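Chain by chain, the residues run as shown.
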Amino acid sequence: MLELDHNIKKKLIIGNHAVVQGLLQAKVGVTSAYPGTPSTEIQTELYKLSKKGKLYFEFSVNEKVAFEIAAASAMSGVRSAVIMKHVGLNVASDAMMAMAYFGVLGGMLLVVVDDPGCLSSQNEQDSRFWGRFAHLPVFEPSTNQEIIDMIQVAFELSEKYNQICILRLTNFTALNTSEVEYVPIEENLPHNGEFIRDINYQIPARYILHKNAHNKLLQFIDDERFTSLNPLIASNGKPQSSEKLIITHGAIYPVVAYLNDYYELNLPILKISAIHPLNEDLIQEMIKPFKYLYFIEELEPYLEREFLAIIGKNHLEQKVFGKKELEVPQENRIVAEALAIPFEHIKGDPTNSETFIPKIKPSLPFAPILTQKELVIPRTLPRLCDGCPHRGAFYVIKKATNYDDIIPSDIGCYALGQVPPVQVGDFWLCMGGGIGTALGFSITNDKPVIAVIGDGTFFHAGIPPLLDAVMHNRKITVAILDNYLTSMTGGQPTAGSPERIAPEQTQIDIEKLVKGCGVQWVKRVPVENIKENIKIFKEALAFDGPSVVIFTGICVIDLFRSQKIFEQGNKKVYIDQDKCTKCGTCLYDFSCPSILKYDGNFVINQNSCIACDLCINVCPVNAILIKGEK
Amino acid sequence: MKNRINIAIVGLGGQGVITLANLIAATYHSLEKQVCFNEIHGLSQRGGSVQSLLAVNDNDCPVFALEDTDYLIGMEKLETLRYLYTSKSHPIVIMGNRYEIRNTVYFDLEHFPEEKDIDAEIRKLVKKLYLFNSVDYEKKISFRIKPTNIAIFGALSEFTELGLDPKIAKKNVRKHFAKNPIAQSFNLTAFKEGKSWLKEMNL
Chain A
2 MLELDHNIKK KLIIGNHAVV QGLLQAKVGV TSAYPGTPST EIQTELYKLS
52 KKGKLYFEFS VNEKVAFEIA AASAMSGVRS AVIMKHVGLN VASDAMMAMA
102 YFGVLGGMLL VVVDDPGCLS SQNEQDSRFW GRFAHLPVFE PSTNQEIIDM
152 IQVAFELSEK YNQICILRLT NFTALNTSEV EYVPIEENLP HNGEFIRDIN
202 YQIPARYILH KNAHNKLLQF IDDERFTSLN PLIASNGKPQ SSEKLIITHG
252 AIYPVVAYLN DYYELNLPIL KISAIHPLNE DLIQEMIKPF KYLYFIEELE
302 PYLEREFLAI IGKNHLEQKV FGKKELEVPQ ENRIVAEALA IPFEHIKGDP
352 TNSETFIPKI KPSLPFAPIL TQKELVIPRT LPRLCDGCPH RGAFYVIKKA
402 TNYDDIIPSD IGCYALGQVP PVQVGDFWLC MGGGIGTALG FSITNDKPVI
452 AVIGDGTFFH AGIPPLLDAV MHNRKITVAI LDNYLTSMTG GQPTAGSPER
502 IAPEQTQIDI EKLVKGCGVQ WVKRVPVENI KENIKIFKEA LAFDGPSVVI
552 FTGICVIDLF RSQKIFEQGN KKVYIDQDKC TKCGTCLYDF SCPSILKYDG
602 NFVINQNSCI ACDLCINVCP VNAILIKGEK
Chain B
8 MKNRINIAIV GLGGQGVITL ANLIAATYHS LEKQVCFNEI HGLSQRGGSV
58 QSLLAVNDND CPVFALEDTD YLIGMEKLET LRYLYTSKSH PIVIMGNRYE
108 IRNTVYFDLE HFPEEKDIDA EIRKLVKKLY LFNSVDYEKK ISFRIKPTNI
158 AIFGALSEFT ELGLDPKIAK KNVRKHFAKN PIAQSFNLTA FKEGKSWLKE
208 MNL
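Line by line, the protein sequences give chains A and B. Note that my numbering has the first sequence beginning at 2, numbered continuously upward. Note that my numbering has the second sequence beginning at 8, numbered continuously upward.
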């Protein structure tokens, strides 16, 4: 760490930690979240800080609850923040839409991190639209320093105009590590406030509050601190002599600026970071000197349409080149090479329509083939970890069900059960969607229906559809894969985490909860008892009504984090080649990545095997053995 | 603008790509050089493709055009070739010689190229190849920590063109693993191993 002066320091941090730094500098007292990549590092860092008493943070049961906690804190005059990924905001949006009518007293920031490219999500959404939809201002920073600075502006304006602000990041800005200047915050941030009853909150004619929300946005439009976040950046400090202007938004500005230099275009760039609301007069003023506007946006053509409306309404004459003309992909994350063709179009003559003849063949979605390839490189599919307990549950489900049975899965590690070679699960939709769709399938299909869901997802959104199953006595079987963690995001606590993992929480017993929902057939089984579990699962399938099997096993992340993995010493799992009948059950049905086939023999890759013992219980002839037990 | 150094680091989840990027960046930062890097990875599970792009002398944008890669660090052969195939440039490649077998190979889901073909292709596309024998090295260590990434970091610290300081680099390794003394000692040994490997190569 480099010291600049006594209270400003320079530090190399990841974008997500810049958010945390921004929140600390803004003296935020209450924070809440539900784990979701790519926003996870914000949450885990806040969780660590809360354990030291720095501020209040909780992993809430879902994003809607997290939002409500932050909203009520801000209504009580305490600065608050809620952090989630883009799909989490769909869950929280019910609360957000109405909360925008009330506004807040203490300043509130909603941090939402989008996942263009679906690197760890079921879809890719453009959260910029939420501002327009919910009447909330949206900030979109480009760099880590801007993240910290914009959070300060957002809180000041949120308090000034009593409205929630949205900070939108993407997986690019959130996972970018760079240097920032920051002020260390020594003191602990309190979370005591006071709720003052306000007649406004009780007004039955809600449309009046709707008007309030509109009026607040008008104040943002006229606020210079907000509008100055949309600077017109001259390239290399050169005076404006160009007729061309590139317009882009915060998240991908660094890529656009890099390519502007790389291709030596040196065009001015209008960077929009105050995404919503836009000040029409200022925008008109800024685009006036230019004839040709080139829009480069990740995901949806949001700004392109906003600007087209301004241009149309005011009878301006600027020519607009957008997604279609420049061939900027409307899906996937924007990387430098995806903009090679758009920049070629920008280089061209804007008065000549030949310049805009499509260069991308429809069969080649983004990256043009750059080199002559001799070999075909296969995909590297994501997979369950070596030693993942879910694999044991999937093996049981595979053996207890028929090929034609319908198996809706859910959001979590176990969604990878669908990826070959495990292949358990027919599709996944959204949090809790597995049980919900299972109900629909059981109404319309005369086949067994098995829903697969994890512990975290069950607490998050799986309980209401399970109640529905009980209410209407649906014959479905729910497999809850309980590993005491939200594993897919790197191992955050769930409501079911034991004291060992989350000492500050009260552990909720899934089995009792399921029984409390009114399910008559419930069994909790340890995942290692594979042969017995197959029998139990078949019993569950035969039950005439909703049945639940809870598989429990320890997550590999937990094994490494708790250092239990080191306790195993030199324990090794190996296959006795004399006993092995070469049936292939371990490889073809169980499919642990550590089991390989070498010269016709099945062997265990000691390099990756973590000696979890699961495969030992899978082998029909007990040829898989342990040696060197401690 | 070409005082920028663009470094791409590729591998599989669990091989330490992000840790390596962090250590390189931390060392440049300690040397008061501007640096930034980006992580491209999916889920937290092990085994998927992981990529990190790192730019020195730039504090804003580590996402560079693929034709502008100066150094490519590969933790695994297939992932290295995947990057080279999408790149127009012929970078200097520092690579571990592991070819990880994906078990989808047994299900006829994908066709995996022969190792010798991958080797030949890589050699065709690089400016210079430094091949670290990570397979033998990891065999030597009968433990669950496989510090090839740190060995490669040790080697990188000896590249004068990169301008990393071996002493500061080593200090950063020590700091990074400070919480786990066992891991720390394994990684410090790996760092030394990598350094002496590169010295031998350069002789």
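The set of hints was computed from the structure by calculation and includes no laboratory data. The model shown is predicted, which means the values in this text are computed figures rather than measured ones. Glycine included, each C-beta is placed from N, C-alpha and C at the ideal position. Among the hints, erroneous ones may be present.
Claimed, not checked - Calculated lysine-lysine pairs in the DSS-like style (CA-CA distance at most 30 Å, straight line):
no.: 1; chain 1: B; residue 1: Lys-186; chain 2: A; residue 2: Lys-49
no.: 2; chain 1: A; residue 1: Lys-598; chain 2: B; residue 2: Lys-135
no.: 3; chain 1: B; residue 1: Lys-186; chain 2: A; residue 2: Lys-573
no.: 4; chain 1: B; residue 1: Lys-177; chain 2: A; residue 2: Lys-11
no.: 5; chain 1: A; residue 1: Lys-324; chain 2: B; residue 2: Lys-135
no.: 6; chain 1: B; residue 1: Lys-186; chain 2: A; residue 2: Lys-10
no.: 7; chain 1: B; residue 1: Lys-186; chain 2: B; residue 2: Lys-135
no.: 8; chain 1: B; residue 1: Lys-147; chain 2: A; residue 2: Lys-53
no.: 9; chain 1: B; residue 1: Lys-182; chain 2: A; residue 2: Lys-12
no.: 10; chain 1: A; residue 1: Lys-12; chain 2: B; residue 2: Lys-202
no.: 11; chain 1: A; residue 1: Lys-565; chain 2: B; residue 2: Lys-123
no.: 12; chain 1: A; residue 1: Lys-400; chain 2: A; residue 2: Lys-324
no.: 13; chain 1: B; residue 1: Lys-135; chain 2: A; residue 2: Lys-11
no.: 14; chain 1: A; residue 1: Lys-49; chain 2: B; residue 2: Lys-135
no.: 15; chain 1: A; residue 1: Lys-12; chain 2: B; residue 2: Lys-147
no.: 16; chain 1: A; residue 1: Lys-10; chain 2: B; residue 2: Lys-147
no.: 17; chain 1: B; residue 1: Lys-40; chain 2: B; residue 2: Lys-146
no.: 18; chain 1: A; residue 1: Lys-52; chain 2: B; residue 2: Lys-199
no.: 19; chain 1: B; residue 1: Lys-123; chain 2: A; residue 2: Lys-10
no.: 20; chain 1: A; residue 1: Lys-49; chain 2: B; residue 2: Lys-123
no.: 21; chain 1: A; residue 1: Lys-11; chain 2: B; residue 2: Lys-174
no.: 22; chain 1: B; residue 1: Lys-123; chain 2: B; residue 2: Lys-135
no.: 23; chain 1: B; residue 1: Lys-186; chain 2: A; residue 2: Lys-572
no.: 24; chain 1: B; residue 1: Lys-147; chain 2: A; residue 2: Lys-598
no.: 25; chain 1: A; residue 1: Lys-12; chain 2: B; residue 2: Lys-135
no.: 26; chain 1: A; residue 1: Lys-572; chain 2: B; residue 2: Lys-123
no.: 27; chain 1: B; residue 1: Lys-147; chain 2: A; residue 2: Lys-572
no.: 28; chain 1: B; residue 1: Lys-202; chain 2: A; residue 2: Lys-598
no.: 29; chain 1: B; residue 1: Lys-135; chain 2: A; residue 2: Lys-573
no.: 30; chain 1: A; residue 1: Lys-565; chain 2: B; residue 2: Lys-40
Stated by the list, open to error - Beyond 10 Å from chain A on every Cβ pair, some chain B residues (computed):
no.: 31; residue: Ala-28
no.: 32; residue: Asn-45
no.: 33; residue: His-48
no.: 34; residue: Val-70
no.: 35; residue: Arg-89
no.: 36; residue: Asn-104
no.: 37; residue: Arg-109
no.: 38; residue: Phe-114
no.: 39; residue: Leu-136
no.: 40; residue: Glu-145
How the hints compare with the structure:
{"no.": "1", "hint": "Lys-186/B / Lys-49/A", "result": "holds, 15 Å"}
{"no.": "2", "hint": "Lys-598/A / Lys-135/B", "result": "violated, 34 Å"}
{"no.": "3", "hint": "Lys-186/B / Lys-573/A", "result": "holds, 27 Å"}
{"no.": "4", "hint": "Lys-177/B / Lys-11/A", "result": "holds, 21 Å"}
{"no.": "5", "hint": "Lys-324/A / Lys-135/B", "result": "violated, 40 Å"}
{"no.": "6", "hint": "Lys-186/B / Lys-10/A", "result": "holds, 24 Å"}
{"no.": "7", "hint": "Lys-186/B / Lys-135/B", "result": "violated, 37 Å"}
{"no.": "8", "hint": "Lys-147/B / Lys-53/A", "result": "violated, 41 Å"}
{"no.": "9", "hint": "Lys-182/B / Lys-12/A", "result": "holds, 15 Å"}
{"no.": "10", "hint": "Lys-12/A / Lys-202/B", "result": "holds, 27 Å"}
{"no.": "11", "hint": "Lys-565/A / Lys-123/B", "result": "violated, 39 Å"}
{"no.": "12", "hint": "Lys-400/A / Lys-324/A", "result": "violated, 49 Å"}
{"no.": "13", "hint": "Lys-135/B / Lys-11/A", "result": "violated, 36 Å"}
{"no.": "14", "hint": "Lys-49/A / Lys-135/B", "result": "violated, 44 Å"}
{"no.": "15", "hint": "Lys-12/A / Lys-147/B", "result": "violated, 37 Å"}
{"no.": "16", "hint": "Lys-10/A / Lys-147/B", "result": "violated, 43 Å"}
{"no.": "17", "hint": "Lys-40/B / Lys-146/B", "result": "violated, 37 Å"}
{"no.": "18", "hint": "Lys-52/A / Lys-199/B", "result": "violated, 37 Å"}
{"no.": "19", "hint": "Lys-123/B / Lys-10/A", "result": "violated, 50 Å"}
{"no.": "20", "hint": "Lys-49/A / Lys-123/B", "result": "violated, 47 Å"}
{"no.": "21", "hint": "Lys-11/A / Lys-174/B", "result": "holds, 21 Å"}
{"no.": "22", "hint": "Lys-123/B / Lys-135/B", "result": "holds, 18 Å"}
{"no.": "23", "hint": "Lys-186/B / Lys-572/A", "result": "holds, 24 Å"}
{"no.": "24", "hint": "Lys-147/B / Lys-598/A", "result": "holds, 23 Å"}
{"no.": "25", "hint": "Lys-12/A / Lys-135/B", "result": "violated, 34 Å"}
{"no.": "26", "hint": "Lys-572/A / Lys-123/B", "result": "violated, 34 Å"}
{"no.": "27", "hint": "Lys-147/B / Lys-572/A", "result": "holds, 17 Å"}
{"no.": "28", "hint": "Lys-202/B / Lys-598/A", "result": "violated, 35 Å"}
{"no.": "29", "hint": "Lys-135/B / Lys-573/A", "result": "violated, 39 Å"}
{"no.": "30", "hint": "Lys-565/A / Lys-40/B", "result": "violated, 39 Å"}
{"no.": "31", "hint": "Ala-28", "result": "violated, 8 Å"}
{"no.": "32", "hint": "Asn-45", "result": "violated, 5 Å"}
{"no.": "33", "hint": "His-48", "result": "violated, 7 Å"}
{"no.": "34", "hint": "Val-70", "result": "violated, 5 Å"}
{"no.": "35", "hint": "Arg-89", "result": "violated, 5 Å"}
{"no.": "36", "hint": "Asn-104", "result": "holds, 14 Å"}
{"no.": "37", "hint": "Arg-109", "result": "violated, 6 Å"}
{"no.": "38", "hint": "Phe-114", "result": "violated, 5 Å"}
{"no.": "39", "hint": "Leu-136", "result": "holds, 17 Å"}
{"no.": "40", "hint": "Glu-145", "result": "violated, 7 Å"}
In the structure shown, a violation is registered for the earlier hints numbered 2, 5, 7, 8, 11, 12, 13, 14, 15, 16, 17, 18, 19, 20, 25, 26, 28, 29, 30, 31, 32, 33, 34, 35, 37, 38 and 40, in ascending order.
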